[in-house]
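Enquirer: Sequence:
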Amino acid sequence: MDVDRTRLLERRDHCIETFMGSEYTFHDLPTVGHLRRALQEILDDLPEDDSLEISTIELHRGQFFYLMKEGIVQ
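Those letters in the sequence shown? Residues 1 to 74, by our numbering.
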């Protein structure tokens, strides 16, 4: 007798999404005012928890990137 093995076991994966950091790309900032607004957007976008530790910060060729040591579970 054949047994339908697909009914003997059901698997469910449980995953946690974790926010680790962000990357920003600057486009066409012709004035100090444009730069100020772009930097303010980054500041406003940062997590509220001031105790979160940063492991990596990079700024290179118009891209800014930061990565936290421990992420925020979403």
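Keep in mind the hints are simulated off the structure, nothing from the lab. Hints should not be assumed to be uniformly reliable.
Distance condition first, Cα-Cα at most 20 Å in a straight line; then the derived DMTMM-like pairs of lysine to aspartate or glutamate [as the list claims (entries may be wrong)]: (1) K69 / E53; (2) K69 / D50; (3) K69 / D13; (4) K69 / E58; (5) K69 / D45; (6) K69 / D49; (7) K69 / E48; (8) K69 / E10.
Enquirer: Determine for every hint whether it applies to the structure shown.
Expert: Structure-based check of each hint:
no., hint, in the structure
1, K69 / E53, "6 Å, holds"
2, K69 / D50, "13 Å, holds"
3, K69 / D13, "25 Å, violated"
4, K69 / E58, "14 Å, holds"
5, K69 / D45, "18 Å, holds"
6, K69 / D49, "13 Å, holds"
7, K69 / E48, "16 Å, holds"
8, K69 / E10, "35 Å, violated"
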